[in-house]
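Keeping their order, the protein sequence lines are chains S and Y. Residue numbering for the first sequence follows our numbering, beginning at 1431 and increasing consecutively. Residue numbering for the second sequence follows our numbering, beginning at 49 and increasing consecutively.
Note that these hints are calculated values from the structure, not bench results. Hints are not guaranteed to be accurate.
[To be verified] Per label pair, the in silico range of CB-to-CB distance: (1) E476/Y <-> H1565/S: 47 to 57 Å; (2) D1734/S <-> D368/Y: 50 to 60 Å; (3) E1469/S <-> P297/Y: 22 to 32 Å; (4) L1528/S <-> A352/Y: 31 to 41 Å; (5) A218/Y <-> E1469/S: 39 to 49 Å.
[As the list claims (entries may be wrong)] Which residues of chain Y face chain S? A partial, calculated answer using Cβ under 8 Å: (6) D95; (7) A134; (8) N159; (9) V272; (10) T329.
Where a beta carbon is used, it is the ideal one built from N, C-alpha and C, also for glycine.
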Amino acid sequence: MTTVAHVHEATDSPFALSHLDSLESEAVHIFREVAGEFERPVILFSGGKDSIVMLHLALKAFAPAPVPFTLLHVDTGHNFPEVIEYRDRVVAEHGLRLHVASVQDYIDAGTLRERPDGTRNPLQTVPLTEAIQQHRFDAVFGGGRRDEEKARAKERVFSLRDEFSQWDPRRQRPELWQLYNGRHAPGEHVRVFPLSNWTELDVWQYIQREKIELPEIYFAHEREVFQRNGMWLTAGEWGGPKESETVVTRLIRYRTVGDMSCTGAVDSDATTLDAVIAEIAASRLTERGATRADDKLSEAAMEDRKREGYF
Amino acid sequence: MSTSTEQPAAELAATTLLRFATAGSVDDGKSTLVGRLLHDSKSVLADQLEAVEHASRSRGQEAPDLALLTDGLRAEREQGITIDVAYRYFATPRRRFILADTPGHVQYTRNMVTGASTAELAVVLVDARNGVVEQTRRHAAVAALLRVPHVVLAVNKMDLVEYRETVFAAIAEEFTTYASELGVPEITAIPISALAGDNVVEPSANMDWYGGPTVLEHLETVPVSHDLTACHARFPVQYVIRPQTAEHPDYRGYAGQIAAGAFRVGEEITVLPSGRTTTITGIDALGESVDIAWAPQSVTIRLADDIDISRGDLLAPVGDAPATSQDVEATVCHVADTPLTVGQRVLLKHTTRTVKAIVKEIPSRLTLDDLSQHPEPGQLVANDIGRVKVRTAEPLALDAYADSRRTGSFLLIDPADGTTLAAGMAGESFASAKAVAPAAVENDEEGWDF
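Turn these sequences into a full structure, and let the hints guide you.
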């Protein structure tokens, strides 16, 4: 005997949705749940591809009405100028409201101190959590995906944070069906991840399908870079290169967009969406493995940052 | 970045999405199976494997421990067990997969419920040497209770029983009989060795007596959508879209995700709980105007009459609307650490509607091992499955879970701190089918933990 009580159908019904349609439908449902149940939601918007896709989905979810959320950008002070320019253009184009929480302001005020390694990524947590408290945001959309990192793979779509924005992975609510539980006490908030189930490739395929514009640094271009900890970093006023490091001009592109001090470029000649997608499909490295210095700090670097309130 | 093109371009073509869950006891080889599926579908990338190898070496292990791929939390790695559901993603040229990797440990059965709630398919792993054991029956029962449409019995470690057909056939028959009694609609049994790779991705050369699909082949071809014409169409209203702009002064649309079935322009619908009727004049499918839309599409529906409709209302075809009631009878899985007791005030979240409710009765608690029932247990504790009767403050348009997983399911929530208390499935289930045996009551004050 082989199989039992089993009807094997080779073809899907005409009502099957493509994987991109399924993911889009799910993400839109999540946006609308938040709009229906929360008072003061905000979208974390960095000008990176995941937050760009998030905003695109939010625009579709409420069309023809405007997006009922404001945007929040945590500006490390080491952002790529092309990305800031893109951010401001998109905000103006859609008539959105943008809050900026600035790491530089905190450093200037003496509340945060520059780290010896120069990376400002972990410094984002304090400005982020203070902005959430100050504006009394009760739902904070992030573009995090579970495929990015193994601690993120454990994250719920609705992730309750206490009044200190802390994530406790052992006290997460079970998430059943599509019944998201957003109940929270005053002072607490919920982080919401509508792209939880998307992979890097899904994001790129969706960008292509929807013809979404991206900052130019995602496509191959010549740039002055130098090598540190095995990563190609952009030379600039933020603090690189040091004396022992040499600047070279290389044909590169960015696979993720973050703080200049810890986001590495990849060698690439992919100047079009088709080329980028082909490159990612063939890559043997994950997005974070290829480009993020801060996740290499320890096995639990992301979990530890998330516990403290990082997104 | 590598410039090799070893993955076929076909992977980039439009594919469908299958959500599935794995269940298995601690030593049944679940991590090995998951690891092999990920590895052989080229979903484990070089830096992830390197991290696992590095971590394995620093723990003094000789071979890379693939469980470290999925155990993402500090506490999980420290204890070497999976505590919480992890979601994994992989793809083949034919399909994309979301795998809910659920812990096998008995203490975390609620996490299997979590994983199974959104799964279209469950893989239940059995060790060929041990056959169907208690934990196998629990997993089958949870899959049946959650009404996962497809169940795969993966009889693992066939290499340790000399790949004998008789061993596999006996286990498959026992499991199929048990699961069919519970109402599992489709069962596929596959003999595998996750370690040796038999019948996981590649067909086995060691079991030429087996003529069925490999695990991956089955995952790639199992149908992901059902006959929508047989479903009752349901549309919970999530959000009312009223731009009130110069461009769209009169636009009023009801946004939501179609929970079941299909809706067409021109169709007459009933609004619940008010019972008013009207006609669909337009369906906007995220920017495109369409004549028909179906589950699980997120759409915006426009109606002929300007009637009072808000979040929490349900649209259903005239003549096929569910009855509304304030008395809910259901099977629940208790998922919180604090118990659920008779008389407790709770919130009930059903689709997009949250209402106050009181737990009126807990008629019985189920033992999954032998499906026996304990009458009037007084309370349900973590991981318990039982029957409850709940009275709600407002009428709900609830379907039987057997008819619709989406409109027959609900959460019970603690109004004080927002904790999710229980996962509810309305209507009858096998947990209510059997007569309650009064003999099974005594010696039970500590509650039943599995």
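So, against the hints stated earlier in the document, which numbers end up violated here?
Hint check: 5, 10 fail, others pass.
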